[in-house]
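**Student:** Put chain H on the given structure of chain P with help from the hints.
Spelled out, the chains give:
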Amino acid sequence: MSFAFTLFLRFVARDVRRNWIRTLLTVFGIALGVSVYLAISIANNTAISQFKQTVSQVSGKANIELMPLSGPAVPESILAELANLRALGVKYTPMIDEHLVLVNEQPENSPNSEIVQLIGIDMLADSDFKSYQSDAEDETDDSGKIRAEDTDSGTTKSDNLSVFSPRAVLVGGKLAERYSLKKGSKLTVVVNDQKEQLIVAGVLGTSGIGGAYSGNVIVADIGLAQDILKWPGKITRVDLIAPDEVLSIAQEKLKEIMPSDVLVATPDTRSEQAEKMVRSFEYNLLALTFIALMVGMFLIYNTMTITILRRRPEIGILRAIGVSRSTVRSIFLWEAICLGLMGTTLGVVMGAFMADGALKAVAQTFQYFYFKVPLEKITVDPLQYVAAFAIGMGLTLIAALPPLLESTTVSPAEATRRASQESKVRSSTKPLFLVGLVCLALCYICALQPPVNNFPLFGYLAALLAIMGSSFLVPLILAQTLPAVASVLARFFGVEGRIAAVSLQGTLGRTAVACASLMIGIAMMVSLAIMISSFRKTVTHWIDQSFEADLWLQSQARASGNKFGRLKEDVLTAASAVDGVAAAEGFVDRNINYQGMSAFLAAADFDVLTKYGNQLFLSGESSKVVCARVVGMHAIISEPFAVRKNLKKGDSVEIDTPLGKRKFFIEDVFYDYASDLGYIIIPRDVYKSLYSDNSISNVAIYLKEGADIEKVRQGILKNLDKSSLVSLSSTSELRKEAIRIFDRTFAITYALHTIAVTVAMLSIMNALFALTIESRREFAILRYIGAKKSQLAKIVYLQAAILGACGNLGGIGLGYILSLLLIHVINKQSFGWSVQYFVPYDFILQSSTLVILTSVLSGIYPARMAARTLAPSVVRDE
Amino acid sequence: MFRAKLSFRSVLTMIFALLGTFAAVNVPALAAQKVYKQALPGYQYKFPQDHYSHDQFRTEWWYYTGHLLTEDKRRFGYELTFFRTGADNEPTNKQSPWKLDNFYLAHFAITDENGKKFRYTEKLNRSGLKLAGARQDAYYVYNEGWSVEKVGEHYLLRADSPEYSIHLVLDSLKKPIVHGSNGVSQKASCVGCASHYYSMTRLKTEGTLFIGDKPNAVTGTSWMDHEFGSNQLTSDQAGWDWYSIQLDDNRELMFYLMRRGDGSFEKESSGTIVNADGSFRHLTLADFSAKPTGSWVSAKTKGKYPMGWKLSVPSAAVDIELTPTMVDQELVTGRSTAVTYWEGSVSVKGTSNGKSVTGQGYVEMTGYAEKFKQKL
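Quick mapping for you: the protein sequence lines, in order, are chains P and H.
Numbering-wise, the first sequence is residues 1 to 878 according to the working numbering.
Numbering-wise, the second sequence is residues 879 to 1254 according to the working numbering.
So here's chain P without its partners, still in its complex pose (with noise of 0.2 Å):
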């Protein structure tokens, strides 16, 4: 072992330091890769880990849960069925966990609003349940969940500000630290369109209830919050704690007594659900970090390959001398294992720092999209620094694995020759070529498999496939296409156009490694380039098409991002009743769940729509038509909830209601790129008739013919309940806000991207000057023969240009079947969205001239090294 390690440090650590650029670019790529790994894994976490925690800190030991199905509440009335349950031991208390618009009144230092946690508690009968969460049982410990910080011990008799004073709120540390509350404050909020001012009768602490939503949460007594939401007699939640020897009992039980429309689960039930949730989400993002790492794997395959096939001679001589296969192969390994590690260590580190970065550009899209959890900070789970460490040593041993294992079939007699190994790769192109072609056809084949539970398992597959099969036919194209790049470039550029490109060749093994790699780098930014601007160019045209109506009205509180604020439904008379309007239609969405998922219920007023309206349908029927046939139990579904439940037009679906179970039939499915939850929309009067629920979400308003926008908005407006805040929005400002939200969700893809494409370049500058050290005799050889030095400089630059090209031709061509498989299987089961093809042919027109100008740069260095070449030294090592 003394021995192998000499041997390392000598043989190894020497060589790896003195070619530091090389070593650096390499360690560089690896700790990009695991990098953005881990901080986009540490970003998914902190969805989901801040999701749990709060349904921890809120739910706290409650073993059983009564939810909603059929929408965000459910009615009061359900408690006194639980009354017998009593007798089992079973404990149980009501809670609202809803969120609602804060307004800061002195906005100087914050925004003018944002979103935070009502939480309605039985203030009273919580104790039983403060008991359990609390550490307080022992009596002497009063960190109740229901702490209150009790700053003025002085009491005067009559001025009691309590939890139960009217309007009177206890509020989260987080909040009351941002807007300076302490006891007797007032502060402001929004729900639907009217202000509610509230009173602090208290600041909670971090323990229990108080650090739920990280202290951004408002919580009264469940009455006020009744009161606050305008939500009479409803509930959001029971939670119960039932002894552990009656648990089933009391599951059972519930589930026979329990409204249909009400869902006996645990808490762990809100937790997968919300992890169900955004799982496309996270996956669709982790799958494209994985894409960094494999180009980083490509860099290591890449140096490894280059370092061992440079150094067969000597390997020959170790061996000559008697040193083992296995001694040698150890230490090659060393070198794999220390580059893994310097590079992994560095990736965890700088993931670690990106991580908050990361967060910040998706936690916006998973709160507008998903769950609205604060997400202002990471959390971290150990175990993830682990596992990107894990997926970075081992990603890295797995790519030098094939070099190592070629080392050790060096003889000692043969290793003294360079041309027998070339020669091999040579006459291994053509299975190599076979096998890609394989792969390609296996890729073909796992794209037309359907999804596995909702998850693209088989298009992931294939995506694998299209990188590894692209990638074996590398070298047999290469070995075909050189000579004719030979020829020509011969044409344009003399002798050295045609000594660059059969060099080229002549070192195959590595060009085709060097070439693969920036064609996966590219592959990948042409791919997702594809993605987004089709999927841009689709929701625009859908926008266009789908938004026919003039103004939008809706709740202040929606407008602020509170999904749930809704309108009386009088404003539709207001805004009929204004000249110059010729219809205004009244729409209305709710959370339901759906066969244990997130879905939205929706209600139109179809005849409106079917005038007005245009909505895109599957079927290709236009909107009259198909509008006109919604009445009764019909429904039309959005593309993403058909393509999830695997539903189309002429099916039926089944909703849990407050009146039992209700089908619908399924008129059209049409396109919708607002939500990848999926929409059933049905009509309004059967919507109000089952849910008992008249409010709107937002009113549709379509103007006659020539009636004047600016004018018809202030009737409106002046038409409006003078107390009624609310938002009326012109199409084009609705548009631009749409386009606003889908770049933001597009933002770290976008981040992503550039990523893959610097590892890529990493690995060109890589493969540049691996080559042009390798390269050196042949460089002295021409100097010798009278090659001038910038000769040699321009032989090194057309090499990098070829390298670029035909990295880039092939990532277009790659990058266009990711493109596909990202858009027609990847994407469309994992969100459901049709997505129409669009190339941004000059975005890769754009990039293509970058990445062969960026190759052509990255040789500058290598060039000037070839061009101090010493003739009669190295020529003399021959």
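Don't take every hint at face value.
To be verified - With a straight-line Cα cutoff of 27 Å, these simulated DSSO-like cross-link-like pairs (lysine-lysine) come out: (1) P:K195 - H:K1082; (2) P:K174 - P:K186; (3) P:K688 - P:K537; (4) H:K977 - P:K186; (5) P:K195 - H:K1052; (6) H:K1082 - H:K1052; (7) H:K977 - P:K568; (8) H:K1008 - P:K230.
Rather than coming from a laboratory, the hints here were simulated on the basis of the structure.
**Tutor:** What follows is chain H alone, placed relative to chain P:
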């Protein structure tokens, strides 16, 4: 009566302490305050109606203490109290189970006099969801599974806790006696600083005491207090001592001493002596003397309580000594910041009308634990 002591303020203190949210600052003008009726002289009692809840008064309690004997001669003391306190909020017409008009509290304590074990539990609820309440049209007061109600001429008491439960039938051997004079029991000199207060001083008791899961038939004697008012205590009162004594010669004595901050007794402190035939007489501070014979310091609250008393009412020829059946009968309700009081069974020995006599009683002391003083 003395539950009088657990006046509105202290009951509220208890609620807030339970919640850990006791707070006092100037309330912005959002709060409309409800106006409660004062306990004023001239109140005419009518039974059984006055057993019912009097929601027009802010504070009210129904208070049962008693002594039970099992068939194997083990002695137990019990306390079961139901409180109602009205919220300050202006009542709304809104029909919501969460509407805050009354809070309902209840305390249940058992003293195992032979085993020297003292256990208590408490409840706090609002009337919504029908989990707690006190009817204004019948004698039925309940808090979750605990209740007291009048069925025919019987009173049924029921309270369950993990360690002890009582299911008792009580029959009053004497008519209710009204304390104070002219229908009010004055607690301080100010107008309205009083309550309406009556007792059933001797209730024959039988039923079941569950010890853990095991039922034990019990017999015994109980005492009932019912008191309601809105504004009894003044700010310079530090606490009170209350005694209820049942002598074996079929006489009963109740007396309360309101202690002022300076250590003196409120001159309105008073009591009642009930004769064997049910007739009774109002006693003033001058009629009564109580001398502590010992003291006890609570390890839990550091409160220093008198422990053991010599009572004498010369005008009624009562000269007795009270010995606690155990010292630690302190209730710390609602965790450490809450109201703390000592409420315990005592055994009685002495002379009555010149003859030697034994008996049993309950004593309540508040304002001795430091924390309680702070809160007051």
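**Student:** Please name the hints from earlier in the document that this structure breaks, with their numbers sorted from lowest to highest.
**Tutor:** 1, 3, 5
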